[in-house]
Each structure stands twice: as structure tokens, then as C-alpha cells.
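Residue numbers (this note's numbering), protein chains in the order written: chain D, 1 to 259; chain F, 1 to 259.
Please keep in mind that the hints were generated in silico from the structure rather than gathered at the bench.
Don't take each hint at face value.
Where chains are identical, the list cannot tell them apart; a pair therefore holds if satisfied intra-copy or between any two copies.
Stated by the list, open to error - Derived DSS-like pairs (lysine-lysine); straight-line CA-CA distance at most 30 Å:
hint: 1; residue 1: K248; residue 2: K148
hint: 2; residue 1: K148; residue 2: K252
hint: 3; residue 1: K42; residue 2: K170
hint: 4; residue 1: K198; residue 2: K19
hint: 5; residue 1: K19; residue 2: K170
Protein chains: 2
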Amino acid sequence: MNIIENLWQTDHIIRGWLKEVREDILSELHDPLAVAEKTSRKDLVTNVDKANEKKIIKAIRSFDSQAKILGEEGQGDQVTSMQGHVWIIDPLDGTLNFVKQRDNFAVMIALYIDGKGILGYIMDVMRNRIYGGGPSLGVFTQDNELTKPTNLHLRDGLLGVSGPMLIHDKYHLQAIDEASSGVRIIGSAGIEFIQVLKGKQNGYISHLMPWDFAAGKILAETLNLSVTKVDGTPVDMLSSNDVLVSTKDTQKDILNMIR
Amino acid sequence: MNIIENLWQTDHIIRGWLKEVREDILSELHDPLAVAEKTSRKDLVTNVDKANEKKIIKAIRSFDSQAKILGEEGQGDQVTSMQGHVWIIDPLDGTLNFVKQRDNFAVMIALYIDGKGILGYIMDVMRNRIYGGGPSLGVFTQDNELTKPTNLHLRDGLLGVSGPMLIHDKYHLQAIDEASSGVRIIGSAGIEFIQVLKGKQNGYISHLMPWDFAAGKILAETLNLSVTKVDGTPVDMLSSNDVLVSTKDTQKDILNMIR
């Protein structure tokens with residue numbers, strides 16, 4: 001199947017994968033988890049992260065023979081360029097929330113072709129909502145199309161941030177937060193992106209890996225939001241970045257405070 | 001009716017008031033709000049806060065002729081002592097979230113008799129959950145009884161905090177947060193209390209007024225959680241306090257870091 005010529009069908013298929021992954025997660029929700037630390041006691045992986053990734057990779061491989069797959073848990077490919085069909089997946093975003101709360105976590109899938117964002121999906125598992133689509137389709141959840149959020153200034157909305165970046169006052173983030181209406185910390189990039197897509201937060205700032213922002217970037221840009229490094233330069237899709245997603249006026253306000 | 005002798009009936013009646021208030025809020029949810037600033041641009045009140053308070057006060061007055069009522073928006077009584085029947089109500093907690101997100105806000109009702117917490121209720125409006133009860137009844141939501149959260153240490157769970165207190169590093173809160181599994185900021189005391197009651201967060205620290213913590217204190221203590229000032233001393237029910245609600249071991253860990 002030619003993906004570009006059949007985007008709506010691809011959209012339907014990807015949403016189907018996510019629904020299956022959600023069923024798997026819900027069936028594991030009350031079982032004890034196998035939790036392992038990766039880089040620190042705050043950077044966790046569970047059996048569920050790994051099982052989800054395995055399932056999604058299998059689905060992508062049988063759907064798209066040209067796929068190169070970049071996944072958080074490393075069961076995909078070594079991706080060194082954005083040429084061709086690059087799928088970027090986060091099988092469970094917000095693992096700490098998953099372990100401690102069994103809430104506020106996401107599953108994300110993105111497809112880039114030759115570096116261009118084509119389709120992105122963020123599933124809020126516990127609220128049973130998939131936010132997905134792309135520049136050609138628009139952004140849809142199950143029941144409706146998302147409209148472009150109002151282009152609010154920093155002072156007129158809430159700002160989501162990373163806890164460690166706020167505590168260490170990176171980029172004068174403490175002053176930036178005080179200039180906003182208020183600061184929020186959810187602990188899942190996917191859920192934070194959803195808040196911005198829906199206009200419930202003006203923006204979100206965090207140190208993110210490609211799988212944390214690949215899907216959100218496609219959806220945010222489709223809705224006329226800005227996704228850049230915090231200093232305003234373009235993000236690198238194949239490495240970690242300090243990412244700012246926000247309304248355009250909020251981005252300007254933040255850049256003025258950083259410079 | 002003698003309230004103490006008819007606690008289950010009183011519980012049923014209070015939950016009925018809350019359901020009515022919720023219907024009112026939902027009917028206003030997509031209308032423009034009349035928003036006014038109180039002490040600052042981050043301290044808001046809306047027509048909905050005021051209408052809720054009026055409705056709850058009217059219900060209490062016709063139910064309990066001995067009621068003294070302390071409400072956030074000042075339509076109740078001037079309460080100067082905890083003697084007798086003292087009802088403490090927050091008609092809309094998390095007004096900034098209500099205005100900016102239409103999510104993550106609560107309605108709270110508490111009844112104290114001669115200073116003793118009898119019944120407390122926190123309604124998460126958008127998730128349609130009422131957490132309520134007291135020391136004689138236990139704590140129930142619509143469908144089940146809450147069990148006592150595991151007595152986790154600070155390092156083993158998430159900690160909810162007030163954004164301004166974190167940014168100003170009051171009580172070494174930045175170090176305390178780094179010692180926890182992670183920091184979260186929701187922006188509604190009621191919703192934060194719910195997270196602690198359900199064991200999804202180890203604790204919550206914020207500068208709170210009586211209506212912000214009166215209901216949560218009753219529910220938390222019923223579930224063997226600790227509710228004190230951040231320095232470990234008892235809270236004053238008639239003034240603002242820097243409040244810590246947490247598991248007992250987390251409280252000890254935090255007190256050790258503050259001293």
C-alpha cells in the first residue's frame with residue numbers, strides 16, 4: 001500500500017494498533033509489574049513498555065516493508081538518518097506515572113517520510129483518547145476534530161514544565177513560570193503535549209528524546225503551534241533536545257525572557 | 001435530625017447537593033465565564049464559584065439550623081471558633097484550572113462539630129467522582145471504599161507541591177522534591193488531596209486556606225495519613241497554613257530534611 005496515497009486508511013490502521021495496545025495495558029493494570037531502573041531510580045522501564053514496543057514494531061514491520069523504526073526500548077533499528085520511512089515510537093511514555101499512579105501515561109507513534117512529519121498519534125490510555133492525524137488530515141480524537149488553540153501570550157495561560165529543569169532554573173524557567181498564569185507538572189510528555197494541543201496549557205518545556213516529541217511535534221505544528229528548541233532553533237529529530245512546544249506568541253515571550 | 005446519629009443519611013444528603021452542583025457547573029461549562037481577580041491575576045473568582053457557594057449555603061441552612069458556615073467567597077458567616085457545627089466549603093477549588101482548562105477543579109464540603117472532623121467531601125467534577133466520608137464511615141467514592149495507602153517513604157513516591165513554594169524553595173522544597181521519586185503540580189488542592197488519598201502521590205505541600213484542606217484533612221486522617229503544618233505542628237482550622245498531607249513515613253523524611 002502506498003501510505004501517502006492512503007493516509008486515512010493508514011490512520012485507521014494505526015488507531016487499531018493503539019486500541020490493541022490499550023487492551024493489553026488494561027489487562028496488566030492490576031498485576032504486579034516487573035520494574036527495572038535504566039539510567040537512575042527515576043528512569044524506569046517495565047515489562048509493559050517492552051511488550052508494547054514489541055507489538056507495535058511487529059505491526060509496523062508487517063504494514064510497511066520500508067520502515068526504519070526508532071523506539072525508546074531499543075528493539076527497533078539503529079536509525080541514523082531521517083531519509084525514507086522513519087517510525088518513531090514511545091511504547092509507554094510517563095513510566096514513572098504508570099508505576100506510581102497507573103494514570104497519566106501515553107503511547108505514541110509517529111511516521112516521518114524523508115524528514116517530513118506525516119502522521120502522529122498520542123494515546124492517553126486511562127482517559128481512552130487517541131489524538132492523531134497530521135498536516136494533510138488535521139488532528140482528531142475519537143469524536144471530534146481539534147481546532148487551532150487561541151494564540152495566547154505567556155501571561156494568559158498555564159505552562160507545563162519538567163520538574164528537574166524548573167528546580168535547576170534552566171533558561172530562567174522560574175521567572176518564566178512566574179510570568180505565566182501558573183506552572184503545571186504532569187510527568188508525561190505525551191499528556192503535556194495533549195494539554196497544549198487542546199489549549200489547556202499555553203506551552204510545555206522539557207528535555208526530551210525523539211520518541212517523547214516526534215508525534216506531538218506533527219500534531220502541534222498541524223494546529224499552528226510552534227515546536228523548537230527552547231532557544232528557538234530547530235529540534236534535531238535524532239537526538240535529545242530541550243524542547244518548547246507553545247503558541248507562537250508564548251514562544252516569542254519566552255525567547256524574549258531567555259535572550 | 002441529629003447529624004451524629006444519622007451519619008449515613010447525612011452522607012447521602014451531602015452527596016445529593018454535590019451532584020446538583022455538578023449539574024449546574026456542567027451546564028455552564030461552554031458558556032463565557034464572568035471572571036474577576038481577587039488578590040492577583042492568579043487568584044480568580046467566577047460567577048460559577050459564587051453561584052455554587054450560594055446553593056450549598058442554602059442547602060446547609062435548611063438542613064442544619066445550628067450551622068456556622070465558612071466559605072471561600074464570603075457569603076457564609078464570620079466564623080471565629082470551631083465550637084458547634086462548623087461547615088467549611090470551597091465552592092470551586094482550582095479556579096485558575098477551571099478558567100484555563102475547564103478541568104482539574106473540585107468542590108469541597110466539610111463538617112466539623114466542636115472542632116472534630118465529622119464528614120468531608122471532595123468532588124472531582126470532570127471525572128465525576130465524589131470522595132467522601134469520615135472517621136466513623138470510612139472513605140467512599142461512588143463505587144468503592146478507599147483502602148489506607150501504603151506507608152511509603154519520600155523516595156518511593158511522587159510529591160505534589162505548590163508551584164510558587166517550589167520556585168521560592170520554601171522549606172528546602174527543591175531538595176525535598178529531588179529526594180522524592182518526582183514532583184507534580186496540578187493546581188487544585190482538592191485534586192492533589194485525592195491523589196494522596198488514592199496512594200497515587202506520597203504527599204502534597206502547599207500554602208492553603210481552611211476551605212482548601214478542611215475536607216481533605218478529615219478524609220486523609222481517616223486513611224491513616226498525616227495532615228499537619230510543614231513543620232509538623234497542628235494546623236489552625238481558621239487561618240491559612242503551609243500544609244503537608246502525606247504518609248507518615250514521608251512526613252518523617254520531610255521533617256528530617258527541614259530541621
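To see whether the hints hold, each was checked on the structure:
no., hint, result
1, K248 <-> K148, "within (12 Å within a copy, 46 Å between copies)"
2, K148 <-> K252, "within (18 Å within a copy, 47 Å between copies)"
3, K42 <-> K170, "both (19 Å within a copy, 23 Å between copies)"
4, K198 <-> K19, "both (21 Å within a copy, 27 Å between copies)"
5, K19 <-> K170, "neither (38 Å within a copy, 44 Å between copies)"
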